[in-house]
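A.B. asks: Here is what each chain is made of, one letter per residue.
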Amino acid sequence: MNVKFINPFLDGTVSVLKTMAFVEPRAAKPYLKMDSLAKGDISGIIGLTGSATGSLALSFSEAAILKIVSNMLGEPIKSLNSDIKDAVGEITNMISGVARKNLEAEGFYIQAAIPTVVSGKDHSIAHVLGGPSLIIPFEIDEGTFVVDVCLTE
Amino acid sequence: MSEKNIKVLIVDDFATMRKVVRNLLKQVGYEDIVEAEDGVMALKALKSQKIDFIISDWNMPNMTGLELLKAVRADAELANTPFLMVTAEALQDNVVAAVKAGVNNYIVKPFTAEVLNEKIKKIMEGINK
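Top line first, the protein sequences correspond to chains A and B.
When the first sequence is numbered by the working numbering, its final residue is 153 and no position is left out of the sequence of numbers.
When the second sequence is numbered by the working numbering, its final residue is 129 and no position is left out of the sequence of numbers.
Be a bit skeptical, because a hint or two may be false.
[To be verified] Across the chosen pairs, the derived CB separations fall in these ranges: (1) I6(A) x V96(B): 39 to 49 Å; (2) D75(B) x L37(A): 48 to 58 Å; (3) D75(B) x K29(A): 47 to 57 Å; (4) L78(B) x L37(A): 15 to 25 Å; (5) G107(A) x V99(B): 18 to 28 Å.
[Said to hold, decoys possible] Quick list of in silico lysine to any residue cross-link-like pairs, SDA-like style, CA-CA up to 25 Å: (6) K85(A) x K47(B); (7) K101(A) x L78(B); (8) K47(B) x I123(B).
No lab work stands behind these hints: they were computed from the structure.
The structure displayed is predicted, hence computed values, not measured ones.
Backbone N, C-alpha and C define an ideal beta-carbon position, used for all residues, glycine too.
Bound conformation, chain A alone (with noise of 0.2 Å):
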């Protein structure tokens, strides 16, 4: 995977969550993931095609998503609800948005599907290349979540 798409993901996530939620993520060093195993409790995945092709997803701990959304919505989220899973569908795809936008910037012209969101202890995520993929690791105080992108030219 081109190096050149790390940047435009970890910048839209941090821009997206800053602005919207309010939470600072925090991000760790890039790592290669072999397995489709995802590294939370609830995930959004969308299709990208264009001059790059593959898939975005983002994957949050319990603690962190329930964190986010409770911000965004200025009001407490106890469990991974209804607005829990529509919250994860629509981060996913401002993210996708930004990065894409910021993608732009480097000659890449990508359209995204609509996102998917799967819930689950030890849920898989299912990338259209079907793998590996880059994992960026996030974490806010409350708990973790990871960026993982599967995208080829």
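Chain A is fixed; fit chain B onto it per the hints.
C.D. replies: Structure of chain B alone, referenced to chain A:
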């Protein structure tokens, strides 16, 4: 026209996103807010009550934000309703398509309450000149 007197219609298929936008609008003083879950429901709402301002998502099933915009502009009674398109797509082609269809302005997600308010005020000032 102050924020309190402006009736805003939020159109988004995601209930959570409607809540987020409603929450942002309330933070900057808007109180009269109605919601629709897609373009079809939005047209029904527009036909049944006086709406001063439309904030619509771009990507929606049944009728997209762009299709809703075109339908509003083609309806003699609704044609002048201010329309702000909310999108995760700041891609050039989309912006051009929305401008051609008569959008007043667009806002790219993510956005703050202040930026949203600024966009609404600018559109309303332009219309009331």
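A.B. asks: Give a verdict on every hint.
C.D. replies: Cross-check of the supplied hints:
Separated by about 30 Å at the C-beta atoms, I6(A) and V96(B) break the suggested range of 39 to 49 Å. Distance hint check: the CB atoms of D75(B) and L37(A) are about 51 Å apart, consistent with the given range 48 to 58 Å. A hinted range of 47 to 57 Å for the beta carbons of D75(B) and K29(A) is consistent with their spacing of about 55 Å. Range check, L78(B) to L37(A): about 50 Å between beta-carbon atoms, so the 15 to 25 Å window is missed.
For G107(A) and V99(B), the Cβ-Cβ distance of about 24 Å falls inside the hinted range of 18 to 28 Å, so the restraint holds. At most 25 Å may separate the alpha-carbon atoms for a hinted pair to count; K85(A) and K47(B) exceed this at roughly 32 Å. The straight-line distance between the Cα atoms of K101(A) and L78(B) is roughly 32 Å, outside the 25 Å bound, and the hint therefore fails. In summary, the hint linking K47(B) to I123(B) is supported, as the alpha carbons are separated by about 22 Å, within the 25 Å threshold.
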